[in-house]
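Could you build the full structure based on these sequences and the hints that come with them?
If you read the protein sequences in the order shown, they are chains A, F, G, P, B and H. Residue numbers for the first sequence follow UniProt numbering, beginning at 1 and rising by one. Residue numbers for the second sequence follow UniProt numbering, beginning at 1 and rising by one. Residue numbers for the third sequence follow UniProt numbering, beginning at 1 and rising by one. Residue numbers for the fourth sequence follow UniProt numbering, beginning at 1 and rising by one. Residue numbers for the fifth sequence follow UniProt numbering, beginning at 1 and rising by one. Residue numbers for the sixth sequence follow UniProt numbering, beginning at 1 and rising by one.
Quick caveat, the hints were computed from the structure, so don't treat them as lab data. Quick caveat, the model's predicted, so the values are computed rather than measured. Beta carbons are placed, not taken as given, at the ideal position from N, Cα and C, and that holds for glycine. Hints should not be assumed to be uniformly reliable.
[Claimed, not checked] Quick list of the computed label-pair ranges, beta carbon to beta carbon:
id	chain 1	residue 1	chain 2	residue 2	range
1	B	Glu144	P	Gly193	46 to 56 Å
2	B	Pro153	H	Arg63	32 to 42 Å
3	H	Arg2	B	Arg90	45 to 55 Å
4	B	Glu149	A	Trp12	57 to 67 Å
5	H	Asp163	G	Asp244	50 to 60 Å
6	A	Ala245	F	Arg158	22 to 32 Å
7	F	Pro153	A	Arg23	53 to 63 Å
8	F	Glu171	A	Asp244	37 to 47 Å
Protein chains: 6
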Amino acid sequence: MRIKIINPNTTWSMTEKIGACARAVARPGTEVIAVSPAMGPASIESHYDEALAVPGLLQEIARGEAEGVDGYVIACFGDPGLKAARELARGPVVGIAEAAMHLASMVGSRFSVVTTLGRTMGQAWHLAEIYGMERFCANVRACELPVLELEVPGSNARERITDECRRALAEDGCDTIVLGCAGMADLCDHISGVLGVPVIDGVAAATTLIESLVTLRLATSKHGELARPLPKAMAGALAGFTLDAPQG
Amino acid sequence: MRIKIINPNTTWSMTEKIGACARAVARPGTEVIAVSPAMGPASIESHYDEALAVPGLLQEIARGEAEGVDGYVIACFGDPGLKAARELARGPVVGIAEAAMHLASMVGSRFSVVTTLGRTMGQAWHLAEIYGMERFCANVRACELPVLELEVPGSNARERITDECRRALAEDGCDTIVLGCAGMADLCDHISGVLGVPVIDGVAAATTLIESLVTLRLATSKHGELARPLPKAMAGALAGFTLDAPQG
Amino acid sequence: MRIKIINPNTTWSMTEKIGACARAVARPGTEVIAVSPAMGPASIESHYDEALAVPGLLQEIARGEAEGVDGYVIACFGDPGLKAARELARGPVVGIAEAAMHLASMVGSRFSVVTTLGRTMGQAWHLAEIYGMERFCANVRACELPVLELEVPGSNARERITDECRRALAEDGCDTIVLGCAGMADLCDHISGVLGVPVIDGVAAATTLIESLVTLRLATSKHGELARPLPKAMAGALAGFTLDAPQG
Amino acid sequence: MRIKIINPNTTWSMTEKIGACARAVARPGTEVIAVSPAMGPASIESHYDEALAVPGLLQEIARGEAEGVDGYVIACFGDPGLKAARELARGPVVGIAEAAMHLASMVGSRFSVVTTLGRTMGQAWHLAEIYGMERFCANVRACELPVLELEVPGSNARERITDECRRALAEDGCDTIVLGCAGMADLCDHISGVLGVPVIDGVAAATTLIESLVTLRLATSKHGELARPLPKAMAGALAGFTLDAPQG
Amino acid sequence: MRIKIINPNTTWSMTEKIGACARAVARPGTEVIAVSPAMGPASIESHYDEALAVPGLLQEIARGEAEGVDGYVIACFGDPGLKAARELARGPVVGIAEAAMHLASMVGSRFSVVTTLGRTMGQAWHLAEIYGMERFCANVRACELPVLELEVPGSNARERITDECRRALAEDGCDTIVLGCAGMADLCDHISGVLGVPVIDGVAAATTLIESLVTLRLATSKHGELARPLPKAMAGALAGFTLDAPQG
Amino acid sequence: MRIKIINPNTTWSMTEKIGACARAVARPGTEVIAVSPAMGPASIESHYDEALAVPGLLQEIARGEAEGVDGYVIACFGDPGLKAARELARGPVVGIAEAAMHLASMVGSRFSVVTTLGRTMGQAWHLAEIYGMERFCANVRACELPVLELEVPGSNARERITDECRRALAEDGCDTIVLGCAGMADLCDHISGVLGVPVIDGVAAATTLIESLVTLRLATSKHGELARPLPKAMAGALAGFTLDAPQG
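Laid out in structure tokens, this is it:
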């Protein structure tokens, strides 16, 4: 099968890391395409960044539909544009926060999320709520690390994140850790080894989930809210997003 | 004071109607600016449409900041981009679904929302939840009228909407009606007169709420989640959305 | 328009302060009537006090109906008698806790309430719940100041309250403050100035909200739970509360 | 032990029926005192009625404290004044809606409440929520019978109520019935016999619960919210409710 | 009446203590049968222990049905097998966690549970949720005492539990204590005397509740989920649990 | 990898069907072991049946641990013994209701469960709640088909289930179907083909999920509630379940 991992920010070094983490867990027969959009923010650390990441993300979904992609992963822990992407895609679409939280609820009694900047904690709680995972979420914690610092060789990001995970385990009453940024995907094994509890990276989690959904031939239901958007005019700089009426 | 009502779709006939409804309830000293964005969908009837309406909306917020606007109304019942807009604005920002639902909870025990297409009902329920208004929401009902049909003179939109409101009152255990589309703003008095219960149009409701917030000098808190977004590069067609670092 | 602010306790010095705060934000054409009831407790700090404040409050609503009042504010943070008042009034009725919490949810992501005695915190949480505002309420904090100490010139009430607000901001993960007593109405500007976040006084908030509802011609729905009470005999010391049958 | 059943309305024929139902289930050694207050409404069918029933109820609690009462039952399905009564009483206080709903949750999977007038259904749902019993409450149904019609010999109240209970069982997915008015206490056996499911009258339920609490020496906690109200002046017609400062 | 208290573990010293605590509060005419099952774990401190305690418990229910038992108490704070027991019994069945939490909600505003091992706290929270008592539960605390240490004369269990209760009262915002293990039944009076707040032992609480239900002739509803299980074959070591078809 | 699918009832024809459905979606390298326990009920249609299925299920987990099993599926829609199984297993354990509901939440906005007997609907709702999936569950519907009738060749089970799914889609506001019994696993493709929406069989869903967890090296967290049970004596017919102390 062919799956597409979309890093909704435009920092390709992160995209490559994400692609590698996805390929490390993907099945032998799975082709993993990892991309960043042609437009949007270099990193996503606010509602503003998230909103501006979505058009580029949707462009990649539309392109994927033409390329015969079987399923999509949105590889930013805010899961931006998830419902819009589901409307556009024929196959399934999974967000990495969604994937990580769901799997966390199956291997522990409660998880804590460890994320980058404090200002994004509200979004993590919001996602926990709309996925029904709030009851499993013991806490959301921030390291106050900007996303792009995770890409800087020689930064002490790994230590700071590991320390925050350790504190979560000691103080939150949780037994499982969810890493709250796609840029942390490569830290999962290290932290799990140090702490001895399940540590979940959403990129890997979503990769296996999207493979599962494709294997089960479960695609987004087109009966209702997530049906293909109605064709209509898009004005100005976004004119390229105009959808044609279905042919037939 | 100067308030800006942003109709996030690009259909200016609707924008003019919205502006008129806002001015009809605004205080004497209030200047009401009603606009549509330069980019985005002609109407908003899906998550896809909503996502693509947000960049244009944010452009209008940014422009408003330069124009000395005191407060903003987002005049689409999906309240698209509300949190991103709050990050960007110094003053308060209110969505029309938010405004209508809050006021409905103060004049009745439960309200029903009557909206356009069935596929948007999920978003109305979602907003009721995140605003804390789910406990007051008896039902969300759709007339299966496309948004732009509300703009067609001679359509039977008014009758169909009134009928749906009547059914809501008879069947839902509600005592108040919330109109679920900015394009219904001009129907509020008619339906209220016919049914004899409070019928709430979000455009008027949000106009008076934003005036209240400005009068009370209550602006969006910049302490935490809704602080101004961090400056960073935006790529491609959205490069114009790059925020500068604060000066000083 | 004519609005009536009812301080449900019988301490007129507080009533005058409340009236002044309401007038400071009211529109030019609004007549603000601020009163205390003829019966009931000197301050409200328990469920017992609250229960005994309601008859006097309802008497003032009944009187207001005869006086052509357009809308009412209940100016005690426990919002005593709100539903009974809504049954009795033709126009809208808003409580100050209700008003403050709703507006707080529009300018920040979460608020903390700072109130007087610890024994009233349960009621503040209860109101947050029934208004749907619990999800926005980060914490309720008490200064252990009796209500009437707020009226004592030279007490250090202002400092203690400001300190508690500062702690809320530092410890609760909130970005907005709600003042939990009508007697704090005059402290709002000071604390907001010191802390640099939105600080909301319910008296001012409710004043602008009731003006909004009157402007929008939104009165309490009489279709169901909040219809006028049925006429029936009242015995003993409360015989004066007997309602007549509606005349035809 | 000595327990006091307070019917908060002033209709003594109902009070006598309530007393008889309580005595029918009370233990041999229990003295049951059944009273109506000296002031307040003839029946309770609105928030207004409820508010005006509370002062008289509190007067009876105060009197009971002087009489050595061990525990109290508030015998109106709206459980008016429950928290205020708990502040005032040394021993335990239970409401009949509270008692009925709690016991219902122990003998079935879900219950429906069958009550008098539709306008009181909101209060029944409210109580279900604040007691934590909402998850067990399948439905609240009204017969549109005024409370005092239950006292009229020869009315068809029993048949109408039985029919509504039968419909509840057929349509609501419930397996247990809660009778929603103290005036229905004498119908419990009949309806249970006809329908073959548990039918719960709150008066009997509360009587056995208050006996249990007294037996277990469990009185209202005075550590916090339900501590005795602070002494303070009460003005006007309610001056008699002034509490003295504790002596000693 | 004849009630049966089933201690679902096989430690008879605890069963005797439980029986004594039940008899201390039971009515004069009540016959209390206290038993442990013939199979299962010596103590219950995990989901595994709980699961393996249920068959023996059900055997005791089946035996009780033959012995004319009127009602049952499940005397382990995890309330194992409660719904299965209700299916099997004609009369009512109450769990001690259920009983303690319900009564706690009637005498205070919030309770804390003090239990044995930390690994059982999740089950206590789970029960609070399914009984609707989560809103009253301020905290669940563990002393890290194994259950059987409560049976060791000369252990310092009483002091450790009392200390944990004291901390609960100081830190949790609760005003009532629920003891989280049947083996603590004999400590209730001591702790209550020391702390001066209601302290609730589920064994005594459930004893009076089951007496109440029997007095009120309220038995488990057989209309739906809790109807008698369908007859069917049981294989292997559990063949003795095969139910016969009802005879006609 | 080696995964074990445990059908907790003792009807081996169903076990074989379940095994076939699991193998149809399993990866090439996955060894699927499908078993029924040596003790317990022939089918599971009550809390009683469920409770008695758990010991046999746990025996199969214990055996699997000795056999080097990597992960387990509990193949009954009540997910009996899930937490006890997780305590016992080193690897992950997933229930089929859990798996189906989680995946349903990723491909649609709301699902309906279609199950066998009405008396099991309460358990389905309970699972939806504890998995956080209640918000996605539009309805639970029963066909009133006993479980073993699904095994009878020539019964009209397929038609009745398909019809109930069609009604769900028409009446419940759902866009996805979850099949509520392991015995329906072979009907999934048929119903999906007929209705054109995602139809989810928990056996297949859980098979791919357990493969995902094993691939991701995510095993049950042993830090807290789900740690291995403490060693202790088991009495009587269950003596074989005694756990040894861990060896060092």
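Status of each hint after checking the structure:
{"no.": "1", "hint": "Glu144(B) to Gly193(P): 46 to 56 Å", "verdict": "52 Å, holds"}
{"no.": "2", "hint": "Pro153(B) to Arg63(H): 32 to 42 Å", "verdict": "40 Å, holds"}
{"no.": "3", "hint": "Arg2(H) to Arg90(B): 45 to 55 Å", "verdict": "47 Å, holds"}
{"no.": "4", "hint": "Glu149(B) to Trp12(A): 57 to 67 Å", "verdict": "60 Å, holds"}
{"no.": "5", "hint": "Asp163(H) to Asp244(G): 50 to 60 Å", "verdict": "58 Å, holds"}
{"no.": "6", "hint": "Ala245(A) to Arg158(F): 22 to 32 Å", "verdict": "28 Å, holds"}
{"no.": "7", "hint": "Pro153(F) to Arg23(A): 53 to 63 Å", "verdict": "58 Å, holds"}
{"no.": "8", "hint": "Glu171(F) to Asp244(A): 37 to 47 Å", "verdict": "39 Å, holds"}
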